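Trainee: Here is what each chain is made of, one letter per residue.
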Amino acid sequence: MKDILDKLEERRISARLGGGEHRIEAQHKRGKLTARERIELLMDRGSFEELDMFVEHRSTDFGMEKSHIAGDGVVTGFGTVNGRTVFVFSKDFTVFGGSLSETHAQKIIKIQDMAMRARAPIIGLFDAGGARIQEGVAALGGYGEVFKRNVIASGVIPQISVIMGPCAGGDVYSPAMTDFIFMVRDTSYMFVTGPDVVKTVTNEVVTAEELGGASVHATKSSIADGAYDNDVETLLQMRRLIDFLPANSTSGVPEWPSFDDVERIEPSLDSLVPDNPNKPYDIKELILKVVDEGDFFELSEAFARNIVIGFGRIAGRTVGLVANQPMVLAGVLDSDASRKAARFVRFCDAFNIPIVTFVDVPGFLPGTAQEYGGLIKHGAKLLFAYSQATVPLVTVITRKAFGGAYDVMASKHIGGDVNYAWPTAQIAVMGAKGAVEIIFRADLGDPEKIAARTKEYEERFLSPFIAAERGYIDDVIMPHATRPRIARALAMLRGKTVELPGRKHDNLPV
Amino acid sequence: MFKRILIANRGEIACRIIKTARRLGIETVAVYSDADKDALHVEMADTAVPIGPPPAAESYLDIDRIVAACRASGAEAVHPGYGFLSEREAFALALAKAGIVFIGPNPQAIAAMGDKIESKKAAAAAKVSTVPGHLGVIEDEREAVRIADEIGYPVMIKASAGGGGKGMRIARSAPEVTEGFARARSEAKSSFGDERVFIEKFIVDPRHIEIQVLGDKHGNVIHLGERECSIQRRNQKVIEESPSPLLDAATREQMGAQAVALAKAVGYDSAGTVEFVAGQDKSFYFLEMNTRLQVEHPVTELVTGIDLVEQMIRVAAGERLSVAQSDVKLAGSAIESRIYAEDPYRNFLPSTGRLVKYRPPAEGIADGVTVRIDTGVFEGGEISLYYDPMIAKLVTHAPTREAAISAQARALDAFYIDGIRHNIPFLAALMQHPRWQAAKLSTGFIAEEFPDGFSPPAPAGATAQAIAAVAAAVDHVIGERRRRISGQMAGRPVVRERLRSVWLDRAEIRLEVAREHGGIGVRLLGETDEGPGSGPLIVLSSSWKPGEPVWHGTIDGAPVAVQVRPILNGFRLFHRGVEAKAFVYTESESAAARLMPSKVAADASKKLLCPMPGLVVSIAVAVGQEVKAGETLAVVEAMKMENVLRAERDGVVKAIFANKGDSLAVDAVILEFE
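Those protein sequence lines, which keep their order, are chains A and B.
Quick note: to get our numbering, add 28 to the position in the first sequence (first position is 1).
Quick note: to get our numbering, add 947 to the position in the second sequence (first position is 1).
Everything labelled a hint here was simulated from the structure, so no lab data went into it.
Any given hint might turn out to be false.
Keeping only pairs whose Cα atoms sit at most 16 angstroms apart, straight-line, the calculated EDC-like set for lysine to aspartate or glutamate is [unchecked claim]:
1. B/K984 to A/D80
2. B/K1492 to B/D1422
3. B/K1304 to A/E321
4. B/K1601 to B/E1621
Now the in silico label distances, taken between C-beta atoms and shown as ranges [said to hold, decoys possible]:
5. B/A1309 to A/N306: 24 to 30 angstroms
6. A/T247 to B/R1512: 24 to 30 angstroms
7. A/G402 to B/A1437: 45 to 51 angstroms
With the C-beta cut set under 8 angstroms, the calculated list includes, among others, these residues of chain A facing chain B [stated by the list, open to error]:
8. I52
9. H56
10. E68
11. L69
12. D72
13. F76
14. F90
15. L264
16. E283
17. D288
18. G322
Given the structure is predicted, the values throughout are model-derived calculations rather than measurements.
Using N, Cα and C, we set each Cβ at its ideal position, and we do this for glycine too.
Just need the whole structure built from these sequences, with the hints factored in.
Mentor: Listed below in structure tokens is the structure:
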């Protein structure tokens, strides 16, 4: 009997070695951890339960029948992050380069189905060479099944993809349909077709890093929501992210005891908005001084920096933050900023995370580049996302809220629950100069008159009080009291319920 | 007594004067330039009067505007603080003419001491010891030796027309004088075409010691002991203390008596300072007299218990001094650090911007130790480039110099500033310096001990241990809370490992962490110790909570303050002048981290970066131009100072990104080399 039990341990030891010590060493030399080492860092110690450890491929073509490795290039299972259930699949580059076979796909599918039934987040760690070519359409079929499940799970459980090595071809579409993609700098890349194919087809000579490295996807393409320096840094940040995320769309946000007084006053915020309306200030200072303990998990930090998005906590409970950033392009809304914020707002809404919006927006960015690029529809995405949201929406206008952008940024009219403004707020169709030049076109030749009109306009319209007189702004608040006022609004909105008409689904202007 | 006084100054000194005036029941009027309309002194004063645009010449230095502000506000007297108009005879006269009292000495005294040669003459006449020397022309070697013998060795032989060290010779004996005299003369002749030389006593390793005097309008003058200000960087005082560790009672008495004699001789009738240069042998020689309140006056206030601003106001109002010389007792030791908005790692270039966080340590008296902070700024305020970059003075007082130093070090550890660069790391490193602690001071201290400037010290020894232990404790508190998150899997408590590896930059410190002995117990382990319980135990006790900027607590009972700034997966900790990135890893995280490649920062050497926020005054080169190392590339103005940026090596200018008149942020690229 003992022999039989011992045999299990032998098989486990052999399976845990994956592609063998040489390949593990090679993986380390590239500055990468192995699939199992990564899981060990991601999960609480000793919490990981591996499934399908003994799965092997069934291919018999091209000599594959002679080569079997237990696990077949992916490690799957479940465990906990700070005690909360999380499912994981981790591509094992040491086994057939992590390539996807039919059985490999089935392992992922099993864990996807399990995560859906258990209504817990699923994380994929990618480090693989694409489809296992020897298997042909069987591998492609496997991909399709994974994709379909990504879509079914979307908006039900959080899905996170972490790119920690190559991720190309069919492998890229599963991450693309998850909620977040994170990449490791210098050791990971992601593209549909690699540099060789690019060269054959377009004669373009490009390196893998230039084509799909972390810096490209985190700053230019916006495919990645974040990039980190190495595997350890990335996985520890994933643990931090999971602490912010609800388990599923109905669980509600996680909560922990906050050490930060919700009634905390921040006198320094009274001088955050500079006297000169054209001088920028850093909206992140406001975010860091409002959220619990200054802890803010920023997403898409390097892309469309004119808008800031990310998670924080108020009173120990997760909130999503969206804020125009006056430091970059004066905080203007352009296509990229609109798309970036729209997707984030929809994530928060799907998972019942309340949204706090800080507004300082001079409008939408004018110009042919923007209009040709479809600014109308991209801007509409953000408008749509906010209008559709049924989660608590608390909005604070710190300075400018001009034109259509005022409406878009979680205004009262599209569903804002509690809308506040600082005394420095300017809520108007446009700034004084532009407005006066239109309204008083006849006086354009007379600079004195124009100056007087401008002053008049500024005094009358560039304040929060016209909006407050109409009830579009619920109250004008002191900047130093921003945190307590937001906290009380969120507490009041804990039970917010909104019924939307039944439908198959909406038709977001994608 | 006055009903209302105006303070013709800004910043910390204006605030400090307002505090005393308020205590005396006097209303205060602040003045402010456009750059200062939200400044602390404006907020603190009962009323405030605008006096013009930001440049000091058009506001704080404009006598007419200040006099007009006095009239408008009904102020009966003006306290000038230090700097600005404090030592301008014309200002004192203008006020007198307007019937406003100047809280400072009479104009004649200002004039008498304002001129360097006149003041030396007055000092000599009052029998104040001046640097011995022979100012007349010296005929030959024999006369030179005779004079040198008279003065005492070492002596300095200097060219009358000299400068820049040329024609200067130090001689330690008669033969050296004979030789040095000839060579100095020929060098003087060849360099300046003028062979005249003179001889003066050379003071080896001089120290700066000054006597505080206080006079009234009735002919009474007393002194309040001395201050030593030998720790200077380029003639700018950095640290001051009282009493001087050099002086004994007899020398103090002599210096004090001479200072009083000089003050009496010029009819001095306010607070003033007589500066001396002192040799290590306690010899001392008159330098100059400052006819104003000094920046470093608080150290005197703390050892004497006398409020100098109060005394200045009282004597200006005509009161007689209420303290006699015999009432003045020096108790304990006081140390002052000047906190500047300047970057110690970038050759102390000024730093401007928003004070995103400004949390000075707590003021007050506890266990015989006083912490006093004179500050003129507040969190959310702006450090502008128009004025002096000093933002605060941190003063500690304790029964002994040693205790005052350790209180100063602790207070610096807790002084938390974000948003601008500041010299606290440098001050904290100075407090740890053994030569400073041993009081082996001279005005060359900083130049000798930091010949290549100040670079961030690496964590080592007890400091590294304290930083590692606090990092582990902070991480432990954060970890405990993480494990209390809602929605955990039932029946599966999270297993916590006790072993941790604290990475300070790339150095690893293995330890074991657990709650014990009413605090957090940290056991330091060697490389091979397997734990648990195998290393020496350190117990940390603190009420620190996540989000707090400073960890206040005790390590094995000793009070410790460590600044905590969260960074990605870790903390940046500041303690005893050392700033270290700390990552607290479990054993498996640490093993994995060891496998991670270290990344090198991008090469910025081909770019000229703006070293401080400022205005581009000029760009001295063009694209394609070949430049040699040392050549001027651009001039950037900050804090009213023009900073010349020079090429560090030869190269060809590839591109220029900034234009004249541009306002640049720190690290903005000005130009790039090929």
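Trainee: Now tell me if each hint is right for this structure.
Mentor: Hints, one by one, checked against the model:
no.	hint	verdict
1	B/K984 to A/D80	70 angstroms, violated
2	B/K1492 to B/D1422	11 angstroms, holds
3	B/K1304 to A/E321	14 angstroms, holds
4	B/K1601 to B/E1621	5 angstroms, holds
5	B/A1309 to A/N306: 24 to 30 angstroms	39 angstroms, violated
6	A/T247 to B/R1512: 24 to 30 angstroms	25 angstroms, holds
7	A/G402 to B/A1437: 45 to 51 angstroms	49 angstroms, holds
8	I52	11 angstroms, violated
9	H56	5 angstroms, holds
10	E68	6 angstroms, holds
11	L69	6 angstroms, holds
12	D72	5 angstroms, holds
13	F76	12 angstroms, violated
14	F90	34 angstroms, violated
15	L264	5 angstroms, holds
16	E283	4 angstroms, holds
17	D288	5 angstroms, holds
18	G322	6 angstroms, holds
Checked against the numbered hints above, the structure violates hints 1, 5, 8, 13 and 14; every other hint is satisfied.
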